[in-house]
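A.B. asks: These protein sequence lines are chains A and B, in that order.
Quick note: the first sequence uses this note's numbering, first residue 1, plus one each step.
Quick note: the second sequence uses this note's numbering, first residue 490, plus one each step.
Check the hints yourself; a few may be wrong.
Claimed, not checked - Derived lysine-lysine pairs resembling BS3-like cross-links, with alpha carbons at most 25 Å apart: (1) A:K75 / B:K584; (2) B:K613 / B:K573; (3) B:K878 / A:K111; (4) B:K573 / B:K584; (5) A:K262 / A:K228; (6) A:K79 / B:K946; (7) B:K946 / A:K457; (8) B:K755 / A:K84; (9) B:K795 / A:K424.
As the list claims (entries may be wrong) - Computed footprint of chain A on chain B; a stretch qualifies when at least three of its residues, placed anywhere within it, have a C-beta under 8 Å from a C-beta of chain A: (10) 565-576; (11) 685-691; (12) 811-823.
Stated by the list, open to error - Stretch-level coverage of chain A by chain B, calculated; a stretch enters the list once three of its residues show a Cβ under 8 Å from a Cβ in chain B: (13) 78-87; (14) 94-104; (15) 307-319; (16) 387-401; (17) 433-439.
Derived from the structure by calculation, the hints contain no laboratory data.
For glycine and all other residues, C-beta sits at the position ideal for the given N, C-alpha and C.
Protein chains: 2
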Amino acid sequence: MTDNSVVYDVLVIGCGPGGFTAATQASQAGLRTACVDRRVSLGGTYLIDGAVPSKTLLDESYFYRQLRQQEAMEKRGVKLLSAKFDMQAAQSALKQTIEGLSNMYERELCKNSVTMYKGTAAFKDSHHVEIEQHGMDRFMVEAKYIVVATGSAVIQCPGVVIDEDKIISPGRALSLDYVPSRFTIMGGGTIGLEIACIFNNLGSQVTIIESQGEVCQNMDHELASATKTLLQSQGVIFLLDTRVKFAETDVAGQLNVTLLNKPLKKAHVHHCDVLMVSIGRRPLLEGLHISNLGLDERDFVEKIDKQSLSLLGYPHIKLVGDVAIGPMLAAKAEKQAVRAIQSISSTCPIVTPTCSFPPNVLYCQPQIGWVGYTEEELINARVPYQTGKVFFSENIRYNTLLSQKESTTVSSFIKVLVDSHTMKLLGVHMVNDDANELLSQASMAVSLGLTAHDICKVTFPHPSLSESFKQAVQLAIANGKLPGVNVRE
Amino acid sequence: MTDNSVVYDVLVIGCGPGGFTAATQASQAGLRTACVDRRVSLGGTYLIDGAVPSKTLLDESYFYRQLRQQEAMEKRGVKLLSAKFDMQAAQSALKQTIEGLSNMYERELCKNSVTMYKGTAAFKDSHHVEIEQHGMDRFMVEAKYIVVATGSAVIQCPGVVIDEDKIISPGRALSLDYVPSRFTIMGGGTIGLEIACIFNNLGSQVTIIESQGEVCQNMDHELASATKTLLQSQGVIFLLDTRVKFAETDVAGQLNVTLLNKPLKKAHVHHCDVLMVSIGRRPLLEGLHISNLGLDERDFVEKIDKQSLSLLGYPHIKLVGDVAIGPMLAAKAEKQAVRAIQSISSTCPIVTPTCSFPPNVLYCQPQIGWVGYTEEELINARVPYQTGKVFFSENIRYNTLLSQKESTTVSSFIKVLVDSHTMKLLGVHMVNDDANELLSQASMAVSLGLTAHDICKVTFPHPSLSESFKQAVQLAIANGKLPGVNVRE
Numbered sequence: 001m002t003d004n005s006v007v008y009d010v011l012v013i014g015c016g017p018g019g020f021t022a023a024t025q026a027s028q029a030g031l032r033t034a035c036v037d038r039r040v041s042l043g044g045t046y047l048i049d050g051a052v053p054s055k056t057l058l059d060e061s062y063f064y065r066q067l068r069q070q071e072a073m074e075k076r077g078v079k080l081l082s083a084k085f086d087m088q089a090a091q092s093a094l095k096q097t098i099e100g101l102s103n104m105y106e107r108e109l110c111k112n113s114v115t116m117y118k119g120t121a122a123f124k125d126s127h128h129v130e131i132e133q134h135g136m137d138r139f140m141v142e143a144k145y146i147v148v149a150t151g152s153a154v155i156q157c158p159g160v161v162i163d164e165d166k167i168i169s170p171g172r173a174l175s176l177d178y179v180p181s182r183f184t185i186m187g188g189g190t191i192g193l194e195i196a197c198i199f200n201n202l203g204s205q206v207t208i209i210e211s212q213g214e215v216c217q218n219m220d221h222e223l224a225s226a227t228k229t230l231l232q233s234q235g236v237i238f239l240l241d242t243r244v245k246f247a248e249t250d251v252a253g254q255l256n257v258t259l260l261n262k263p264l265k266k267a268h269v270h271h272c273d274v275l276m277v278s279i280g281r282r283p284l285l286e287g288l289h290i291s292n293l294g295l296d297e298r299d300f301v302e303k304i305d306k307q308s309l310s311l312l313g314y315p316h317i318k319l320v321g322d323v324a325i326g327p328m329l330a331a332k333a334e335k336q337a338v339r340a341i342q343s344i345s346s347t348c349p350i351v352t353p354t355c356s357f358p359p360n361v362l363y364c365q366p367q368i369g370w371v372g373y374t375e376e377e378l379i380n381a382r383v384p385y386q387t388g389k390v391f392f393s394e395n396i397r398y399n400t401l402l403s404q405k406e407s408t409t410v411s412s413f414i415k416v417l418v419d420s421h422t423m424k425l426l427g428v429h430m431v432n433d434d435a436n437e438l439l440s441q442a443s444m445a446v447s448l449g450l451t452a453h454d455i456c457k458v459t460f461p462h463p464s465l466s467e468s469f470k471q472a473v474q475l476a477i478a479n480g481k482l483p484g485v486n487v488r489e
Numbered sequence: 490m491t492d493n494s495v496v497y498d499v500l501v502i503g504c505g506p507g508g509f510t511a512a513t514q515a516s517q518a519g520l521r522t523a524c525v526d527r528r529v530s531l532g533g534t535y536l537i538d539g540a541v542p543s544k545t546l547l548d549e550s551y552f553y554r555q556l557r558q559q560e561a562m563e564k565r566g567v568k569l570l571s572a573k574f575d576m577q578a579a580q581s582a583l584k585q586t587i588e589g590l591s592n593m594y595e596r597e598l599c600k601n602s603v604t605m606y607k608g609t610a611a612f613k614d615s616h617h618v619e620i621e622q623h624g625m626d627r628f629m630v631e632a633k634y635i636v637v638a639t640g641s642a643v644i645q646c647p648g649v650v651i652d653e654d655k656i657i658s659p660g661r662a663l664s665l666d667y668v669p670s671r672f673t674i675m676g677g678g679t680i681g682l683e684i685a686c687i688f689n690n691l692g693s694q695v696t697i698i699e700s701q702g703e704v705c706q707n708m709d710h711e712l713a714s715a716t717k718t719l720l721q722s723q724g725v726i727f728l729l730d731t732r733v734k735f736a737e738t739d740v741a742g743q744l745n746v747t748l749l750n751k752p753l754k755k756a757h758v759h760h761c762d763v764l765m766v767s768i769g770r771r772p773l774l775e776g777l778h779i780s781n782l783g784l785d786e787r788d789f790v791e792k793i794d795k796q797s798l799s800l801l802g803y804p805h806i807k808l809v810g811d812v813a814i815g816p817m818l819a820a821k822a823e824k825q826a827v828r829a830i831q832s833i834s835s836t837c838p839i840v841t842p843t844c845s846f847p848p849n850v851l852y853c854q855p856q857i858g859w860v861g862y863t864e865e866e867l868i869n870a871r872v873p874y875q876t877g878k879v880f881f882s883e884n885i886r887y888n889t890l891l892s893q894k895e896s897t898t899v900s901s902f903i904k905v906l907v908d909s910h911t912m913k914l915l916g917v918h919m920v921n922d923d924a925n926e927l928l929s930q931a932s933m934a935v936s937l938g939l940t941a942h943d944i945c946k947v948t949f950p951h952p953s954l955s956e957s958f959k960q961a962v963q964l965a966i967a968n969g970k971l972p973g974v975n976v977r978e
């Protein structure tokens, strides 16, 4: 079989953040590397129809939301006659951004001498993959190591058939060139909430249908509660404890969604123009022909060795990113990619991140950010801790940012959780327009095991929002000295 | 003399950031504390007519600048009919912000049981200060310790008399309720450059007159050059190597400023509507009657012991902030205040910041931020170092922020300087809209002595601007491995 095959040390299947990182790292480690991706543009869901379009439209839509708050603007001295949002122009700006980033991926791979194929990949056996590039003949690649980074796909729901017209996936929602009047979302996870914010800002009446009794269940309770209050204050409607039974378009073209309120056991019909299904994602294995490895798609995920990220029985086949274990985050995919290549080559130049605390951000406005443990986790684990919580309304920089200060009804705050024995930072939770960047300091503290006293030694820029982080830490230290107050053992 | 005196452990004179911190810290340490400030509103130059109004107007004026770039906005999907700036409304919003912060100072002092006097303070002898509150009788305070935190005043220039009408101080500039057509600034330091940005954004033709051949001489050369290019691209005119000989108003009410070009030794007359004098600040000692301590205002600064911050011969009199030694920064004032109180009481609850690297930010847009050593300092000190520099145009988060991405002709970048022997971070220099907050991570790294490898262990939020910090650090590590490249010994 080797005769007609192109031979590589490493073949990476999929070129999202995980695959891209694996391919560049492998090549930098001196391995002959190829990468294959089924799309014309590189970057995977993350770049093409996931995080990047979502973050771009969030930023744009909050800017537009701000312009519409004319009274608040006039108070600050800015008079606007009118502001309109043109979704088609916004989409074409977004398309440019995506193309720019996708080309950057392409240039980086080229610079790193990674051979790039655009087409499908199917296992023939454990060392051979058949590649079919768009409109070209198939050929065989033989590789010593294979990294599978094919990503994930939307989970479908029986009775709610995604037609990408009225019943749509999140990827489709992010490429809509119009703003639906009534936009309903099935699923109150991070993806659903962020897309809810975009369309709510642009003027849609947004409803979120969530089968559980609360949204954001992985957050610290205080933060989750602030998130819900925030989105409600901005006009988003939540239907909790509610299941979607089925959805269908009537003769007038209206979408009728039959809902079941779980506690009341009562069904009713909800009307909307567009329904987005966002109830989760599953590993994407279609077309890979893993049956040729003697495996079934069903038990695939259980066949991954957590330590080596290898497929059980196939130590040379590595899985990284959404297709593998762990949260479906780009940061995790990249970390796994580095680990996968390090397990292949000891010359891999990058130091492995050892931190097991990926920071999380919900990019609403203000942003919700957290890293490390929640209060609930510490209480359950009986870890004695002390808290320091300060409001940004007491922060000088915050007060000089009039747009931040007046944009929301929910108070921006930062809360730190400090281990009462070691004084190490265990968790940081915050609500702030700039949480995404403020979280970096917190991530450094939590992942490097810094203590509260370390943070007190740092001189932060003045005036800056970051000073509230230090202030919260100082408060946590002070609170520990008051017997019984805020120290929960 | 004690008979009629009110007795305190600590009397703090001045309630800017330094005085405020000294007073609250002293009281928290269990000392009976009073504070006296000559203004009705607390907060000093910093809060009333310095950093806070400057940062607020900068933020507002850049927002307005963005709204005026209609073509760029339309490309992104936002259509605006017209945008106007109302300086009177902006000033009244600013006034509210200042009052809010000033009241916060007042509440904090009250919460900490600090007795507050609003009036003048004059030394009678080394333990007695006479206080005259507005419209009330004078009385005497006796204090074991006295903290002088009276701040600084604008340095005047012969031939250029500040009348606060056409020839004005920075404090007056920040309270102008109109936008002058031609706004000229004498002095190219941080204060001058920031106020230049405000009025340039609001439509003034701004000219900066600087007697030296370059602006921002304390910056890393690469950063200083970016700063000048940036402001020039936004329309600010620089007249370097130029001295102001005198300024006078003619019969038509126009201001004529006679300039001397130093290299050409040629004088010419420059016309403008307002001239702001910003050539530096000096310790403010008026009315303190330090002659009663046997001292002269002239040699006052040389009479301060650098270690204890005490007045030589008077170990119980401490000096903090602008009136003392070191750069005139609020962060430094607060640090000195903590040190001063710690030298008085060992029970002072806050850990001393030991870092000698105050981070610096020039709040133009994008912001210019730096902490630690410049390349020039390392070269002069013959410290072997390696650099990593990355452009934010390669950062994914940056690309999702369309307003950041397209707002400037100067490329945003971050440059890290790493010690080639210890791998510790020695300096971080950056140009970015969010430099003020990004700098916090860099400050943590530099002041805690973290190594490049420590930073590589951190998982930063994804996508975030902070990832470029890590990427620059990774590049600095990689550059060290290329013999001779970027390693300057």
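A.B. asks: All the hints need checking, so say for each whether the structure fits it.
C.D. replies: Structure-based check of each hint:
1. A:K75 / B:K584: At roughly 12 Å apart (the allowed maximum being 25 Å), K584 (chain B) and K75 (chain A) satisfy the hint.
2. B:K613 / B:K573: 54 Å, violated
3. B:K878 / A:K111: 18 Å, holds
4. B:K573 / B:K584: Holds - the C-alpha atoms of K584 (chain B) and K573 (chain B) are around 20 Å apart, at most 25 Å.
5. A:K262 / A:K228: 20 Å, holds
6. A:K79 / B:K946: 47 Å, violated
7. B:K946 / A:K457: 21 Å, holds
8. B:K755 / A:K84: 53 Å, violated
9. B:K795 / A:K424: 33 Å, violated
10. 565-576: holds (count 12)
11. 685-691: violated (count 0)
12. 811-823: Coverage by chain A holds here, the residue count being 4 at a Cβ distance below 8 Å.
13. 78-87: holds (count 10)
14. 94-104: holds (count 4)
15. 307-319: That given contact is violated, which follows from only 0 residues of the segment 307-319 of chain A lying within Cβ reach (below 8 Å) of chain B.
16. 387-401: holds (count 6)
17. 433-439: Since 5 is at least three, the answer is holds.
Hints 2, 6, 8, 9, 11 and 15 from the earlier list are contradicted by this structure; the remaining hints agree with it.
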